[in-house]
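Asker: Chains as they are written, first to last, in our numbering: chain A, 1 to 246; chain B, 1 to 246.
Keep in mind that the hints are not guaranteed to be accurate.
Where chain A lies over chain B, by a calculated footprint (3+ residues, C-beta under 8 angstroms) [stated by the list, open to error]: (1) 42-56; (2) 68-77; (3) 151-161.
Label pairs and their computed distance ranges (CB to CB) [claimed, not checked]: (4) D161/B with N142/A: 37 to 45 angstroms; (5) D14/B with E214/A: 42 to 50 angstroms; (6) A168/A with I138/B: 34 to 42 angstroms; (7) I138/B with A172/A: 23 to 31 angstroms; (8) L217/A with N25/B: 51 to 59 angstroms; (9) D31/B with I124/A: 47 to 55 angstroms; (10) N86/B with K148/A: 33 to 41 angstroms; (11) M1/A with D171/B: 49 to 57 angstroms; (12) N142/B with I124/A: 33 to 41 angstroms.
To be clear, the hints were calculated from the coordinates, so they are not data collected in a lab.
Ideal Cβ placement from N, Cα and C applies to all residues, glycine included.
2 protein chains.
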Amino acid sequence: MSPIATIVVLIAMDAEAQPLIASLNLEEQKDCFMTRRAPMKCYGGVAARGARVFVVTNGTCAKHNVCNVGTVGAAIAAYDALVTLNPDVVVNAGTAGGFAKRGGAVGDVYLASTFRNFDRRIPIPRYDAYGVGEYEAIKTPNLQRELKCKIGVVCTGNSLDATETCRAALDAHEASVKEMEAAAIAHVAHLFGVPFIAVKTITDIVDGPVATQEEFLANLGTAATALKDVVPKIIDFVAGKELNEL
Amino acid sequence: MSPIATIVVLIAMDAEAQPLIASLNLEEQKDCFMTRRAPMKCYGGVAARGARVFVVTNGTCAKHNVCNVGTVGAAIAAYDALVTLNPDVVVNAGTAGGFAKRGGAVGDVYLASTFRNFDRRIPIPRYDAYGVGEYEAIKTPNLQRELKCKIGVVCTGNSLDATETCRAALDAHEASVKEMEAAAIAHVAHLFGVPFIAVKTITDIVDGPVATQEEFLANLGTAATALKDVVPKIIDFVAGKELNEL
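Let the sequences and hints guide you as you build the complete structure.
Answerer: Here it is in structure tokens:
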């Protein structure tokens with residue numbers, strides 16, 4: 001074990017990341033990815049105890065001119081960032097849906113316990129488990145005490161809405177958080193053997209009365225501000241520590 | 001325009017690729033990706049008119065010990081292969097589901113006209129189109145005549161089954177082919193500005209009487225053999241030509 005010296009924070013949308021980037025006074029890093037074709041953006045700076053911190057966003061789709069949300073954009077960003085930035089820990093931060101039935105409310109902050117895909121159904125032996133693609137977050141009991149936040153299963157899928165099939169899968173997976181990237185990043189982090197932490201702030205209640213997209217757009221600014229508050233606390237807590245101190 | 005000198009063929013599963021690799025007498029390429037952590041496998045050789053050909057498979061999931069099927073595995077493979085192998089054209093070859101209502105039958109060979117995701121529903125303006133993520137295959141009228149194959153819309157999703165919501169989306173997208181990777185590769189190919197062709201052989205009929213997973217497993221060998229027959233024809237036709245001759 002050695003102290004955590006490089007931290008990569010992956011955030012899907014620029015709108016989620018900008019308050020944090022401004023707050024941490026990070027500077028855009030040019031040409032830091034393995035190809036100039038990479039759509040991602042990278043912002044770097046120095047954190048507590050001399051650790052380097054990089055915030056990477058998925059960037060904009062060249063065809064559709066919106067952020068590269070979802071598992072494909074997240075997998076590409078994670079893969080390239082883990083090769084080129086070689087972090088000691090990866091943090092995925094983002095906005096997400098919560099569940100009233102599990103005590104979630106708009107504005108809540110969750111650390112992930114476990115990651116599962118809820119929209120990859122492959123009913124062939126062993127492919128079924130691969131489809132769910134369960135990975136564990138690293139254990140961070142001290143960080144959890146420090147943040148005083150909730151802990152829960154983070155479930156990932158590529159749709160903002162939730163069909164009855166989705167809702168049944170989210171129930172079966174005991175989802176406290178529904179979002180669109182974390183399980184893809186967990187798969188890549190496992191591939192590289194890099195410890196993975198995810199923090200999600202709640203913009204909308206999946207089992208509430210308002211359609212997700214309306215609530216999401218109404219609360220995106222608030223949830224991005226919550227990220228601006230919580231992510232620096234995580235960086236500050238993690239920087240320079242060893243994994244077993246988290 | 002210049003003659004096509006490097007062709008990358010992306011195939012998700014080793015079982016789909018092995019008959020082709022043996023038939024083309026390709027040799028495994030070690031350490032050709034940007035990281036030794038890459039799960040993909042690469043097999044290379046020389047095609048007609050001195051063109052280089054590489055077959056890249058998604059490799060095996062280190063945790064679940066099955067092939068990295070689906071959009072995340074395909075996006076990572078495409079992204080790394082396009083950076084490191086710098087092809088003039090990318091071909092995605094694989095097995096897929098067909099549709100009786102569009103004249104599909106087990107053993108059919110399809111060239112893709114268009115790629116669409118059928119399981120990414122994001123009901124926010126512009127994100128809805130990004131979710132579908134439509135891309136066009138390059139125009140290949142001469143290749144289509146040569147192969148005497150069917151042409152159709154290829155729709156991508158991360159589940160082998162199809163819920164009622166999936167079936168409605170597949171209908172709305174006029175899917176002739178349902179599979180798990182092509183739209184993710186189309187997104188990456190567009191990012192790199194590399195022309196993209198996809199060929200799919202039909203293992204199962206989505207709107208037929210037999211559950212997809214049973215039919216898929218029963219016909220995987222036959223469909224892999226069909227790939228072994230058709231992919232060399234595509235490589236031979238494409239190698240050394242200019243794009244406007246395809």
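Asker: All hints, please: hold or fail.
Answerer: Hint-by-hint comparison with the structure:
1. 42-56: violated (count 0)
2. 68-77: holds (count 6)
3. 151-161: holds (count 4)
4. D161/B with N142/A: 37 to 45 angstroms: holds (42 angstroms)
5. D14/B with E214/A: 42 to 50 angstroms: holds (45 angstroms)
6. A168/A with I138/B: 34 to 42 angstroms: holds (40 angstroms)
7. I138/B with A172/A: 23 to 31 angstroms: violated (42 angstroms)
8. L217/A with N25/B: 51 to 59 angstroms: holds (55 angstroms)
9. D31/B with I124/A: 47 to 55 angstroms: violated (32 angstroms)
10. N86/B with K148/A: 33 to 41 angstroms: violated (50 angstroms)
11. M1/A with D171/B: 49 to 57 angstroms: For D171/B against M1/A, whose Cβ atoms are near 55 angstroms apart, the range 49 to 57 angstroms holds.
12. N142/B with I124/A: 33 to 41 angstroms: holds (38 angstroms)
Of the numbered hints given earlier, the model fails hints 1, 7, 9 and 10; all others are met.
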